[in-house]
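A.B. asks: Heads up: the protein sequence lines correspond to chains A and B, in order.
Count the first sequence with my numbering and you get residues 1 to 511, in order.
Count the second sequence with my numbering and you get residues 1 to 249, in order.
One should not assume that every hint holds.
[Stated by the list, open to error] In the PhoX-like style, the derived pairs of lysine-lysine whose C-alpha atoms are separated by at most 25 Å in a straight line are:
#	chain 1	residue 1	chain 2	residue 2
1	A	LYS298	A	LYS173
2	A	LYS25	B	LYS32
3	A	LYS491	B	LYS169
4	A	LYS419	B	LYS32
5	A	LYS25	A	LYS298
6	A	LYS419	A	LYS489
Note that these hints are calculated values from the structure, not bench results.
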Amino acid sequence: MDAKEVSSAQVHSVRNPFQRFFFAKEIPYGLAIVRMLIPLVLFGTVCTRWSFSRELFSADGAPAPLADIFGFYDFLPLLPGTAAVALFAALGFFLVCSSLGWMTRFSLIASVILYVYFCFMDSISMTTKYSAIATHVLFLLSLSNCGAIWSVDSWLKGRQARRSIPQYTKYEKPRFEIWPQRLIQILIAVIYFGAGITKLHTPGYLEGDQISYWAMSRYNNPHPLGDFLTMYPIILSVMAYVAIVWEIAFVFIVWQKWGRIIGLAMGTAFHIGTFFSLGLYIFPMISISMYFCFLTEKDVQWISALYSRFSREGHWLKQYSAALSSAVERLRPQKDVGWISPVSWTSAIVAVLFLSVYVEYQQDLYGLRRAEGRMTLHEVEPELVQKMLAPEQVMRQKDKFLSVDVGTQMVSGRLTNRKTEFMVGDLILVQCCLNPPHEDIWIDCHFCEENGRIVHRSGNIVSREHLRNTFQIYASEVLEPGKYYVSIKSKGKEVLRRSVTLLPKLSAVAN
Amino acid sequence: MAEKLQVLVWQYFTNFDLIIKPGKAILMRLLKRGLTYLTITSYIGILLFGIFSHTFSYKTGRHPSMYYIVWDMFCGWSAFSIRTHIIGEGISGKYYELAPGPWGEYKPYGNLGRRHYDTTGDAWLRMAMNALDKTEHEPMLRILCIEEAWCKKYNLPDSIWDQRYEEPKDFHNYFRLRRVITPDGVIAQNYVSWLARQRYLQINDNPRLISDMNRARPFFAATIGSRVEPEGPQHHPDVPIHLASPVGN
Numbered sequence: 001m002d003a004k005e006v007s008s009a010q011v012h013s014v015r016n017p018f019q020r021f022f023f024a025k026e027i028p029y030g031l032a033i034v035r036m037l038i039p040l041v042l043f044g045t046v047c048t049r050w051s052f053s054r055e056l057f058s059a060d061g062a063p064a065p066l067a068d069i070f071g072f073y074d075f076l077p078l079l080p081g082t083a084a085v086a087l088f089a090a091l092g093f094f095l096v097c098s099s100l101g102w103m104t105r106f107s108l109i110a111s112v113i114l115y116v117y118f119c120f121m122d123s124i125s126m127t128t129k130y131s132a133i134a135t136h137v138l139f140l141l142s143l144s145n146c147g148a149i150w151s152v153d154s155w156l157k158g159r160q161a162r163r164s165i166p167q168y169t170k171y172e173k174p175r176f177e178i179w180p181q182r183l184i185q186i187l188i189a190v191i192y193f194g195a196g197i198t199k200l201h202t203p204g205y206l207e208g209d210q211i212s213y214w215a216m217s218r219y220n221n222p223h224p225l226g227d228f229l230t231m232y233p234i235i236l237s238v239m240a241y242v243a244i245v246w247e248i249a250f251v252f253i254v255w256q257k258w259g260r261i262i263g264l265a266m267g268t269a270f271h272i273g274t275f276f277s278l279g280l281y282i283f284p285m286i287s288i289s290m291y292f293c294f295l296t297e298k299d300v301q302w303i304s305a306l307y308s309r310f311s312r313e314g315h316w317l318k319q320y321s322a323a324l325s326s327a328v329e330r331l332r333p334q335k336d337v338g339w340i341s342p343v344s345w346t347s348a349i350v351a352v353l354f355l356s357v358y359v360e361y362q363q364d365l366y367g368l369r370r371a372e373g374r375m376t377l378h379e380v381e382p383e384l385v386q387k388m389l390a391p392e393q394v395m396r397q398k399d400k401f402l403s404v405d406v407g408t409q410m411v412s413g414r415l416t417n418r419k420t421e422f423m424v425g426d427l428i429l430v431q432c433c434l435n436p437p438h439e440d441i442w443i444d445c446h447f448c449e450e451n452g453r454i455v456h457r458s459g460n461i462v463s464r465e466h467l468r469n470t471f472q473i474y475a476s477e478v479l480e481p482g483k484y485y486v487s488i489k490s491k492g493k494e495v496l497r498r499s500v501t502l503l504p505k506l507s508a509v510a511n
Numbered sequence: 001m002a003e004k005l006q007v008l009v010w011q012y013f014t015n016f017d018l019i020i021k022p023g024k025a026i027l028m029r030l031l032k033r034g035l036t037y038l039t040i041t042s043y044i045g046i047l048l049f050g051i052f053s054h055t056f057s058y059k060t061g062r063h064p065s066m067y068y069i070v071w072d073m074f075c076g077w078s079a080f081s082i083r084t085h086i087i088g089e090g091i092s093g094k095y096y097e098l099a100p101g102p103w104g105e106y107k108p109y110g111n112l113g114r115r116h117y118d119t120t121g122d123a124w125l126r127m128a129m130n131a132l133d134k135t136e137h138e139p140m141l142r143i144l145c146i147e148e149a150w151c152k153k154y155n156l157p158d159s160i161w162d163q164r165y166e167e168p169k170d171f172h173n174y175f176r177l178r179r180v181i182t183p184d185g186v187i188a189q190n191y192v193s194w195l196a197r198q199r200y201l202q203i204n205d206n207p208r209l210i211s212d213m214n215r216a217r218p219f220f221a222a223t224i225g226s227r228v229e230p231e232g233p234q235h236h237p238d239v240p241i242h243l244a245s246p247v248g249n
């Protein structure tokens, strides 16, 4: 082999995996599913906001432009109320069309432009990280041929394509280079990597404190599991470690055979977990929908084979499937009329624009056209005003403390077995958790008899950067079995209390 | 002669077609492939810049578009729940609710109204002026933006509380005036948030620190007009911007 051939082979050895990775041709099954799901989820968010769109996005309301926060005032023009309402409805229409695959590319491009505009107009209730992620996905979908299958466009084109090939030839779905699909996959990996970096930056994340406070907050939808998990901070801490390892490792494993399955399974579990424990609804839907971009042609073939086996076994499934296919085929336009689709699409968008303006006018959000005149402001109760305008209050000591727990085992600085009953001779651990922010604080821990007599006292300084302190109390044999309590005091006042029962030590009795 | 010329011209054009048309197709294919390469490298480059920028806190606040490439979900949650009240004081001495307006309020992520997610307070003025603009009301003296805070442990449901605490819930909320706005929309007073104020109070709970601060403070004004706000950009691009929406931004 001469030098020229060697160098050429080396170049090819680098180029070929790259070529295969980005330019292999596949039927875009995964992208088609992403195309169907993401716009549909976003359509839901558009629907809930539409009746308030005048207030949220227009000059006739109270928008909160994202660019203002970055110091770019008047970055994008604020539209008049009616225009914002109509365009927001148009966004909904484009999203539905994208999902259905009707005039797919144009609908996706229009969706990206309008979605970005409206996100920029309301940083409070529209701009979130899920909307940023969805914007990327819509943009990448608009570059792809995601509408080539499982879409209205492909359905309309189908008859023409089938007619043009001989009867005995099997109709094959079109194949395209997979680079847009790869870019979505890379986007997901980069997002997780970035989120992992954020978690590394976040103090108190690995200890589970941050998740615990998030679970206690009421900014999201109800999340009963999160409330429950606040009682077990060690579980939150373990979950925090698993999440950060998974997020950072995702980029390295997801293009491996088993890595893909493990990474996506953990991701799905993670996002479903945030649904129940943090009350996030839209974010998991967007994230899990995006995972379908990892679906390959082989996966679909495997699923298809599985389906065929099921349908062979269950005749009813085959019958239903055949009936559905023939119904769809009957609905398909018989003549090759390429102009029908764009014309009906244009008519539909015009109808949506006019209808939205009309409905919103009738709705009269601000009540400006009411027969009884304009709305009046609600008066605030004087007692509440008095409380609001009272002189500044110093934070109560008890509000600087989160909890006190007693037990005997610790893992990772966390008490893991909360107990109320101990044996005489046990070493009792009393863990006191504080809320940030707190000053350098002296905490007294008193172990008292039921009648209040102190039998053991200890104290410690907890510096401002720490959120936990653990006291050790030895329940010596001199103590009578019975009821006791642990009292946590700060600045001479009891802030938290925990009852404990001392049980007599059972010794082995010779029979 | 004319026939010969005609043949020559015909040959030229037929050859031109044969040579140029496939060349054009190859050129178009190359152009398309080049554009694809450019798209892939640019897109991945932008994503990687976002990661770099976020990891090293470099120019994350440079431009609004940075929001789309910095993945700072979960940037921290405090131990206190914060709510916002925007009220107007009428000339009669009565106080009126300006947010939400009498037409209701959009609740974007759960059961909380939109105003509670605006922790930077950027839209408070617009919300108040919009409510005044669209309603019948007496003349206003001033508009007050007030923050309400309470310890998050009181958010726990009673069933969980009873398992974790022996004391009954002793809910207490704190209020803090954040902003005073004139009826014509001019911000007259601005104060730090309740949480920032608590941090300040707790750091200042240190006699040695206070004494050092007082010693370092000049007795006379060091520069003329030192109390006037300096001109120039108010936000440095390297200082991260965290929006406080609940999906971790």
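A.B. asks: Does each hint fit the structure? Answer for all of them.
C.D. replies: Results of checking the hints against the structure:
1. For the suggested pair LYS298(A) and LYS173(A), the alpha carbons sit about 14 Å apart, so the restraint of at most 25 Å is met.
2. Between LYS25(A) and LYS32(B), the direct Cα distance comes to roughly 16 Å. Compliance with the 25 Å bound is thereby established for this hinted pair.
3. Proposed proximity of LYS491(A) and LYS169(B) is supported: the alpha carbons are some 21 Å apart, at most 25 Å.
4. A threshold of 25 Å between alpha carbons decides the hint, and for LYS419(A) with LYS32(B) the separation of about 69 Å lies outside it, so the pair is violated.
5. Simply put, LYS25(A) and LYS298(A) have alpha-carbon atoms about 13 Å apart, close enough for the 25 Å limit, and the pair holds.
6. Our distance criterion of 25 Å between C-alpha atoms is met by LYS419(A) and LYS489(A), whose separation comes to about 21 Å.
The structure shown violates just one earlier hint, number 4.
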